[in-house]
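Undergrad: These are the residues of each chain, in order.
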Amino acid sequence: MKSLFVFFPLGLGRVFTDGFTISRLNSVLILFLSLGIALLLPLKASWAETEYKEAVPVAENPEIEQRMLTLTEDLRCLVCQNESIAESRADFSNDIRRIIREQIKANKTDEEIIDFLVDRYGDFVLYNPPMKNTTVLLWFGPLIFFLFSSWFLVKYLKGRRREIKEVTLSDVELKRAAHLLDDDSYKRTEDHLNKNTKLDNQDHSSTLEQHQKADVSTSENKGNNV
Amino acid sequence: MRYLLPLFAFLVLAVFLFVGLSLNPRQVPSPLIDKPAPEFELYSLHEPDRIFSSKENIGKVWLLNVWASWCVACRDEHPLLVQLANSGVVPIYGLNYKDENTTAKQWLKHYGDPYIASVVDPDGAVGIDYGVYGVPETYVIDKQGIIRHKQIGPVTVDSLQNKIIPLIVELQKQT
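Sequence order for the protein chains is U and Z. Following UniProt numbering, the numbering of the first sequence begins with 1 at its first residue and continues without gaps. Following UniProt numbering, the numbering of the second sequence begins with 1 at its first residue and continues without gaps.
Please note: incorrect hints may appear among the correct ones.
[Claimed, not checked] Mimicking EDC-like on lysine to aspartate or glutamate, the simulated pairs with C-alpha atoms at most 20 angstroms apart in a straight line are:
1) K105/Z to D76/Z
2) K143/Z to E170/Z
3) K143/Z to E56/Z
4) K55/Z to D34/Z
5) K108/U to D129/Z
6) K163/Z to D76/Z
7) K98/Z to D95/U
8) K132/U to D119/U
9) K98/Z to E102/U
10) K35/Z to D123/U
11) K35/Z to D115/U
12) K98/Z to D91/U
13) K55/Z to D129/Z
14) K108/U to E63/U
15) K98/Z to D113/Z
16) K150/Z to D129/Z
17) K35/Z to D119/U
18) K132/U to D115/U
19) K60/Z to E170/Z
20) K150/Z to D123/U
21) K105/U to D123/Z
22) K105/U to E73/U
23) K150/Z to D119/U
24) K98/Z to D129/Z
Worth flagging that the hints you see were computed from the coordinates, not collected in a lab.
The whole structure should be built from the sequences, with the hints applied where relevant.
TA: Next comes the structure, spelled out in structure tokens:
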């Protein structure tokens, strides 16, 4: 830190005018300084080795640790209830993990260990609760809810279908709709209407002519569009 | 009908949530209620030579209070325990849970000692047998040595008056 202050005057006025700005020269010096510290660090670490021992691994036996972890993943920590005993670092979970390790070493089966804990802490300690009179709703509640809501949905949809009536449009309405939509169907509807209204006065050929006319106009339109 | 159905659904949900609000998720029902209290033999804090066995208390109703000097909530309930001990309603035994003997003794000197005896459970092994997962906890044990009630968290005036003392009186009447 002292050496930093030695370098600062080299940055001249800038350091004084703006306390947070470090001139380019100073930043280079700081870079070298930190590089020096970084290079020195391993040396320091090697001194430290003589003073401190290496951390003792939590598990002397990885097999036991693995079995303990698979067991505790399905167990609830009672202190921090949304964490499993495997995840939690509460004192309670530390104790339980220790006890499970001891019991595994004593050749207890998984069932025996689980029973040991359930005897003391109840089913609440299990994330996977057993089927019992008290847990029936827990097990089947979602299914009941699903069935009920499916029944309700089907009933609702059927009811809605009944409400929607089949609508038949009159010719005038069709024409208006076609006009609004303004596409080929308009022409066809017009022809259709013409046919209906004028069929009595005109002969067959004229309507045919109109049909052809309409076809031409649509193809023209199409051409324009392209 | 069209508007009543959602209203009904809402009411059902509201009732469930309201009941949920008044429940305490920390109050995990102990499976040890109405089961024999786990036996233990531990030395007493003040007389390290004296081994106290839980069997000694067969024939009387007693309280087992789990406490520690590092436990802040224990300070809240402690004056009540001292009062209860002075009233002579029930003998109170302490389970000094994962504590240092010297600090535990100092603590009792400072806050008062309501215990007939306080036994030492340095690594919490007996605590685990009793399903302790937080301190303080208090167990009401009857004449047959059966756990009748577990108070999770500090004893309060309310829990003493409405639950613990009436229960003790009733249990003392039994043979």
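Undergrad: Determine for every hint whether it applies to the structure shown.
TA: To see whether the hints hold, each was checked on the structure:
About 18 angstroms separates the Cα atoms of K105/Z and D76/Z, which keeps this hinted pair within 20 angstroms; it holds. Proposed proximity of K143/Z and E170/Z is supported: the alpha carbons are some 11 angstroms apart, at most 20 angstroms. Annotation: proposed proximity of K143/Z to E56/Z holds, straight-line Cα distance about 11 angstroms (limit 20 angstroms). At roughly 17 angstroms between alpha-carbon atoms, K55/Z and D34/Z fall within 20 angstroms of each other, so this suggested pair holds.
For a cut-off of 20 angstroms, the pair hint linking K108/U to D129/Z stands: about 17 angstroms separates their Cα positions. Restraint check for K163/Z and D76/Z: satisfied, since their Cα atoms lie roughly 18 angstroms apart, inside the 20 angstroms limit. Using a Cα cut-off of 20 angstroms, the hinted pair K98/Z and D95/U holds, with the two alpha carbons roughly 11 angstroms apart. For the hint linking K132/U to D119/U, the alpha-carbon distance of about 16 angstroms falls within 20 angstroms, and the restraint holds.
Of the supplied pair hints, the one linking K98/Z and E102/U holds, its CA atoms being roughly 19 angstroms apart against a limit of 20 angstroms. Restraint check: the Cα-Cα separation between K35/Z and D123/U comes to about 16 angstroms, which is no more than 20 angstroms; the hinted pair holds. Proposed proximity of K35/Z and D115/U is supported: the alpha carbons are some 15 angstroms apart, at most 20 angstroms. A hinted pair counts as satisfied when its Cα atoms are at most 20 angstroms apart, and K98/Z with D91/U qualifies at roughly 11 angstroms.
Using a Cα cut-off of 20 angstroms, the hinted pair K55/Z and D129/Z holds, with the two alpha carbons roughly 15 angstroms apart. Annotation: proposed proximity of K108/U to E63/U holds, straight-line Cα distance about 14 angstroms (limit 20 angstroms). Restraint check for K98/Z and D113/Z: satisfied, since their Cα atoms lie roughly 18 angstroms apart, inside the 20 angstroms limit. This hinted pair checks out: K150/Z and D129/Z have alpha carbons roughly 14 angstroms apart, not beyond 20 angstroms.
Note on K35/Z and D119/U: the hinted pairing holds, with a Cα-Cα distance of about 10 angstroms set against a maximum of 20 angstroms. About 16 angstroms separates the Cα atoms of K132/U and D115/U, which keeps this hinted pair within 20 angstroms; it holds. Under the criterion of a C-alpha separation no larger than 20 angstroms, the hint pairing K60/Z with E170/Z is consistent with the structure, at around 12 angstroms. With a C-alpha separation of about 17 angstroms, the suggested pair K150/Z and D123/U falls inside the 20 angstroms cut-off, and the hint holds.
Only pairs whose Cα atoms come within 20 angstroms are accepted, and K105/U paired with D123/Z is accepted, the gap being roughly 18 angstroms. Of the supplied pair hints, the one linking K105/U and E73/U holds, its CA atoms being roughly 19 angstroms apart against a limit of 20 angstroms. Proximity of K150/Z to D119/U is assessed by CA-CA distance (about 15 angstroms); at most 20 angstroms being required, the pair is judged to hold. Between K98/Z and D129/Z the alpha-carbon distance is near 14 angstroms, which keeps this suggested pair within the 20 angstroms criterion.
The structure shown violates none of the earlier numbered hints.
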